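Line order of the protein sequences matches chains H and L. Heads up, the first sequence is in the numbering used here, so the first residue is 1 and it goes up one at a time. Heads up, the second sequence is in the numbering used here, so the first residue is 1 and it goes up one at a time.
Source of the hints: derived by calculation from the structure; they are not laboratory data. Since the structure is predicted, the reported quantities are computational estimates derived from the model, not experimental observations. Here a beta-carbon is modelled for each residue, glycine too, at the ideal position from N, C-alpha and C. It is possible that some hints are incorrect.
Computed footprint of chain L on chain H; a stretch qualifies when at least three of its residues, placed anywhere within it, have a C-beta under 8 Å from a C-beta of chain L [stated by the list, open to error]:
1) 30 to 37
2) 71 to 77
Derived pair list, reagent style DSBU-like, types lysine-lysine, alpha-carbon separation capped at 30 Å [claimed, not checked]:
3) H:K78 / L:K87
4) L:K407 / H:K148
5) L:K264 / L:K87
6) L:K520 / H:K37
7) L:K392 / L:K453
8) H:K148 / H:K132
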Amino acid sequence: MMENTMETASADNAFSTFHLGASLFGINRLEIQEINKNVEITQVPHPSDYIKGIINLRGQIVTIIDLGRKLGLNPVRKHTDNKNIIVHSENEHIGLLVDAIHDVVHATPHDIEPAPSNIGEIKGKYLQGVLKNENHLIGILNTTEILKD
Amino acid sequence: MAQTSSGTINEPDDTNDRTNASIRVHVGFLDTLMTLAGELVLSRNQLLQGVTTGNLRATEISSQRIDMITSGLQETIMKTRMQPMAKMLNRLNPVVRDQSQQVGKSVALVIEGSEVELDKTILESISNPLTQLVKNCIAHGIETPGERERTGKKAIGNIRVRAFHDAGQVNILISDDGNGLDPLNITNASGNGADLTGVVAHIETLGGLLELDSKKGVGTDITIKLPLTLAIIPSQITCVGRERYAVPQVNLDELLRIPLDQVKERIEKVGDANVVRLRGELLPLLDLSQMLGIEKKYVDLTTGTTLADRRKHIADRRSKRHSLNKEAAVIERVPDLALKLPDRASKDRRSGTRNAVNIAVVSAGAYTYGLIVDQLQDSEEIVVKPVGRHLKRCLAFAGATIMGDGKVALILDISNLAQIAGLSTLPEVRQLTADSEASMHHEGSKTALLTFKNSENEYFAVPLDSVERIERIQTAAIEQIGERKVVQYKGGALPLCQLSQVADVPPLTPKEHQEIVVFKIKDRELGLMVNPPMDTASVFLEIDATTLRQPAIKGSMILHNHTTLMVDVLELARAIHPEWVQ
């Protein structure tokens, strides 16, 4: 684990991490409303193929985005481990569909390093940077960019 | 709850949002709401108890009570948002004064029904359109005092604005005693033309309608019909594939179900598009599954499983087709041979109710069309919910709703769907079919042909009007008399022949049954033995009369990618029975 034993584990310093294919990514916990198991998604025919559909979240209609597709990676493969990460964005909630949830990682924004150029096919603007955690490289996502329509 | 529950269907002007952040509500409503809330608490307790103790009866009773209380709440809350129209209507007075002065006319305004109430949001939203309509009325409807006196009217023009309830809707009637408005010219009138289409569009966004009734020289009546509330709309639920789609009741005209055996009569084609004939009118058809890219499904009645419906074509190949080509606009009639040919109907795999075509006839603005869906379900009152910003780009949908089972259904935007599909408006379709039917009366543009085969790869055709009828007989019934063949038919003998007797083609292989095309020559009949399949085609005749010319064969043409030989019936008859034809 990182140097978090010395720091107070506050939401500021926590990142929810998850899998997309073989890669690990993270989102600042402050941006996350909740994480849901994959409920039944109503398909919506849409010009963008990364829009998976919409769900009913306690009376609110929430758009679900296939984060794999959006980032230019493989689409999220249907599995019982799939989860929707519900984030705040402007004045609505949007769900990001991911392959599986991983641990919460404690780190400060300070620890985020610039992404190396060989991070793969992901557009640079979608990444704030990377976090090194044990042997893993976690791509920290810029949700504002990702959720731009 | 501060947040408005209305979604993409209603987007009031920003200015109104900012000005009226509070409303006056009669205390009586608040008392009713308190009582209902109390009732709800009691029923909720009863429900919880019923569920935890497994008491079905208690659960049933409380669910009924909650049903009634919910309706009461819905009604009461809606009423708290209702405001009298007085203030808005009275604002028309200065508008009329100013406008009439500006254009040099004299107009008297009478306002009735100020006490009629309307939902606050709709009220705010309708103010501008109403003003537009009144201004337009003064500018284009009411004549100048001079003109009025010349036609025997009083110099002062009259405009009456009356608000009233009718059939669950609020009506605003704007009547004038002016010159009458030409509906087609409204959109062409300078300046105000564009505003009026905007007005109509706006009213429809509110879920309302605009009706116009005008008499030249007498006056015009414009009626605006508005729903009582925006957030909850009655709708027709339809099903395509595995998803449900709601059609707002205000757009729904009727529901049609065309059983399979009527498809070829009622569904026709105009160019590439499918259309349905409804009480003499042709309506464009929009296949929702095709538009949304969803695989159609149907439920197999025997196994109950949901299967994919692989039919690609809606219209039967025997359906009537209209050509869209204006120069050669002729209706290609594909006559019904089913009466004469062997009975293939029973072998038709597309039978059963599951394959009937389900159509919701909808209209919005200038568009009226039939929406093809997999299933038609119940009519339901639904709560309109806004969709997220990524989906606002999908113009096909006006919002979403949450169904009783918690799943989401999308609400169709009937007007946008039509535009996206590139449908012709109703007047356009009428014009096209009128053109098409008018040119059908041109002689000799296209010829209807009957096609058949001799041997496997030989295709023949003959003009359809020379064909008397088609028969199918048992080969065993054919009698040979000398060199000639006949078959006993209706008390007489029908002479038979085949093409190999006259032209350089191979003879037919004997089979158990024989198809016969019967021609009438003078007052005699001749049966030509042929091979199926027989079909019809309607084409411009372009016969190559030299290359493959032979006795009884006029020439050839290319039909459906095959070289087809045109049979000369008269020559055929002359060759077989020279004594018939002098």
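Structure-based check of all given hints:
1. 30 to 37: violated (count 0)
2. 71 to 77: The restraint on the region 71 to 77 of chain H is violated, since only 0 of its residues have a Cβ under 8 Å from chain L and three are required.
3. H:K78 / L:K87: violated, 57 Å
4. L:K407 / H:K148: Measuring from Cα to Cα gives roughly 26 Å; hence the hint holds.
5. L:K264 / L:K87: violated, 57 Å
6. L:K520 / H:K37: Violated: K520 (chain L) and K37 (chain H) sit about 77 Å apart, past 30 Å.
7. L:K392 / L:K453: Answer violated: K392 (chain L) to K453 (chain L) is near 57 Å, above 30 Å.
8. H:K148 / H:K132: Roughly 27 Å separates the two Cα atoms, so the pair holds.
The structure does not agree with the numbered hints 1, 2, 3, 5, 6, 7 stated previously, though it agrees with the rest.
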